[in-house]
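In the order they appear, the protein sequences are chains A and B.
As numbered in the working numbering, residues 48 to 317 make up the first sequence, in order.
As numbered in the working numbering, residues 64 to 341 make up the second sequence, in order.
These are computed hints drawn from the structure, not numbers from a lab.
Treat each hint with caution, since some may be false.
When the alpha-carbon atoms are kept at most 20 Å apart in a straight line, the in silico PhoX-like pairs for lysine-lysine are as follows [as the list claims (entries may be wrong)]: (1) Lys-193(A) x Lys-252(B); (2) Lys-148(A) x Lys-193(A); (3) Lys-148(A) x Lys-252(B).
Listed next, the stretches of chain A that the computed footprint assigns to chain B, with coverage defined by at least 3 CB atoms under 8 Å from CB atoms of chain B [stated by the list, open to error]: (4) 138 to 148; (5) 162 to 171.
The following label-pair restraints were derived from C-beta to C-beta distances [claimed, not checked]: (6) Ala-179(A) x Ala-326(B): 25 to 35 Å; (7) Ala-242(A) x Pro-233(B): 30 to 40 Å; (8) Ser-88(A) x Ala-326(B): 55 to 65 Å; (9) Pro-131(A) x Pro-233(B): 17 to 27 Å; (10) Glu-259(A) x Ala-326(B): 48 to 58 Å; (11) Leu-177(B) x Glu-314(A): 45 to 55 Å.
Since we're looking at a predicted model, the values are computed, not measured.
Even glycine gets a Cβ: it sits at the ideal position worked out from N, Cα and C.
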Amino acid sequence: MTLRAAAAPVMAAPPAAREPLIRFRAVELTLSGRRILDPISLDIGRGEFVCVVGPSGCGKTTLLRLIAGLYLPSGGQVLYDGKPVAGPRQDIAIVFQDYGKALLPWRTATGNVSLALEAISMPRAERPARIAALLATVGLSNHADKFPGQLSGGMQQRLQIARCLAQAPTVLLMDEPFGALDAMTRQALQDEVLALAASSGATVFFVTHDLEEAIYLGDRVVALRPNPGRVADMFDVRLPRPRDQLTTREHPEFLRLRRALFDFIKESEA
Amino acid sequence: MSPGARASRPHRRMAPTVERAGRPRSQGGWRGLVVPAGVLIAAELAARAAGLQSDSLARPSEIAAVGIAALIDGTMLHATGQTLVAAFAGLAIGTSLGLAFGILLGLFRTASRLAEFSVEAFRPIPSVALIPIVLLIFGFGYRMEIAIVAFATFWPILILTRAAIAGIEPRLLEVSRALGFGLGRRVAKIVLPAALPRLFVAFRLAVGIALIVAVTVEITGNTLGLGYALMDAQQSLRPALMFALLLWVGLVGWGLNAVLLWAQARLFGPAAAVEATP
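Work out the full structure: start from the sequences and follow the hints.
Here it is, written out as C-alpha cells:
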C-alpha cells in the first residue's frame, strides 16, 4: 500500500505491466428484454484511476454497477482479482451521486461513518478513533454530531466518501459524485479525491458527464457510445501528477485531449 | 445553487411535522375550552330549571359527583385496568404479528403478491363480527377479548408496515447491499429505523383501535372492564354513572394518545421527522 502510494504521484504508470484487477470479458447485459450493453471488454489495472464518459444512456452507470455486483452480466464475465463478481463485496465501495438519499438521515455524521465499520464488524471500542480519523480526512471534524440534513451538499458528499473510506476499499466506484455540486466545491472535492486515491492506492472507477473532470482526474478516459452501450474509444491521459487546477488545465496535453473528447461526443451525438 | 440553499431544504421538509406535533395544545388551548364549558353550564342550568328527573339523562354536577365517587372507591380504576390489560395484550399480539408479516411483505415482492388476495379477503371482516366465533372458542373473559383486539389491530399494522417498508428510499437498501449486510442487519440497521416514524404513526392508530374494540367487546357481552361497567350502569338505570364512565373512556383514550404524541416527539425529534411525512 505505502509503496504504491509513493509511486502514484510521479506519473500514470502503464497498467499493462501487471495483472489487471478488474476485467470485463465480453460482458453484455439485457434487462427485461432491453439490450443495455453490447459485449464490452475492458481491463482496469491495480491503482489505476479510470474515468468513464459518454452521452446519457450509454451504460456508464451500468458498468459501475456490474463491478459493484449490483447487476450480474447476461453474457460474458466480470472478473475481480481473477474471480467472477458474484455480488457486492466489502472491499469495493460505491459513492452515489445522490448523497442526500444515500446517507441515513436518522444518524449523525459519526453514525453514518460507523455504519460501514459495523458492516466490517469492527469492535465497538475501536470505532470512535477510526471515525474521528476518517472525518478528519474529509474535513468534517467539526461536524461529527450533525445530521445529514444539517450539512451542505458538498459536506454530505464528503461524508459519503468518508463512509466509503471506512470500508478500507481496494476499489472506489464513483457515480457522477460531483454532478450536483457547485463549481468551487466540485474542484475542491476533485483534488481531495485525487489525494485520497494517491495516499490509499485505491483503484478508482469514476463515472462523469464532465469531460474536463474526466481528463483532470483520470489515468485513462473510456468513452462510451449509446444504444446499446459499447466502448467507442479510449484515451490515455499522460499528464503529470500531482495535478493542479490551473497548470494541469492549461497543459497542452490537457487541451489536446479536451478537443479530442469534445469531437468524439459531438460525433456520437450526431 | 449555493450550498446554503441546498442545506436548508431538508429543514423545510421537517417543519410541518414538527409543527403538527406541537401546535394543537400550545396554541389557543384555553379558547377551545370555552364552548364545552358553556354547554356544561347551560345543561346544568336547564336541568335545574326543568327539575330534571330522568332514567336516561343526568345533571353535569351529578355526573361529576358520581364519577369522582367511582374513581375514589376504585371500581372505575379496576374496570379501567381490566380494559387496558385486554387492549394492550391484544395490541401486543396484533402489533408484533402485523409487524413481522408487514416487514416480510414489504421486503419481498413475491410474498406480497402471494398474500395479496388473502389480505384483501380477510381484512374487511369487521372484528366484532368475530365475537360469536371467538366466544365459542374461548368463552367469556380476557382471552376472547384479547383475540378480537389482536385481530382488529393486526390488519392496519400489517398494511401500514408493508407500505412503510415499500416507501423506504431504494438507495438506502442499495447502500446496505453494497455494505454487505445480511437480512437481519439490513432490517435492524436500515429498514426498521427508516420506517420507524411511520410505524409509530401506525402504532398510534392501532392503540386507538385496540381501545375501541376492547370496549365494544365488553359492551356486547364480555363481563369485564369499562364497557361492561357502562352496560351495568345503563341496565341498573344510573344515568349519572353511565355518563361519568363515558367521559372517563374518552379521557383514557385522550390520555393514551397524548402520551404517544409526547413519546413520538421525544423519540424521533427533528432528525428523523423527514421520514414521518406520509
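Right, here's what the structure says about each hint:
At roughly 19 Å between alpha-carbon atoms, Lys-193(A) and Lys-252(B) fall within 20 Å of each other, so this suggested pair holds. Distance restraint check for Lys-148(A) and Lys-193(A): the Cα-Cα separation of roughly 16 Å lies within the 20 Å cut-off, and the hinted pair is therefore satisfied. Proximity of Lys-148(A) to Lys-252(B) is assessed by CA-CA distance (about 16 Å); at most 20 Å being required, the pair is judged to hold. Coverage of the stretch 138 to 148 of chain A by chain B holds in this model, with 7 residues showing a Cβ closer than 8 Å to a Cβ of that chain against a need of three.
Counting residues of the stretch 162 to 171 of chain A whose CB falls under 8 Å from any CB of chain B gives 4; the rule of at least 3 is met. A C-beta distance of roughly 33 Å is found between Ala-179(A) and Ala-326(B), which places it inside the suggested range of 25 to 35 Å. Separated by about 32 Å at the C-beta atoms, Ala-242(A) and Pro-233(B) satisfy the suggested range of 30 to 40 Å. A hinted range of 55 to 65 Å for the beta carbons of Ser-88(A) and Ala-326(B) is consistent with their spacing of about 58 Å.
About 26 Å separates the C-beta atoms of Pro-131(A) and Pro-233(B), a value consistent with the hinted range of 17 to 27 Å. Distance hint check: the CB atoms of Glu-259(A) and Ala-326(B) are about 53 Å apart, consistent with the given range 48 to 58 Å. Checking the proposed 45 to 55 Å range against Leu-177(B) and Glu-314(A) shows it holds: the Cβ atoms sit about 51 Å from each other.
Figure legend: structure checked against the earlier numbered hints; every hint is met.
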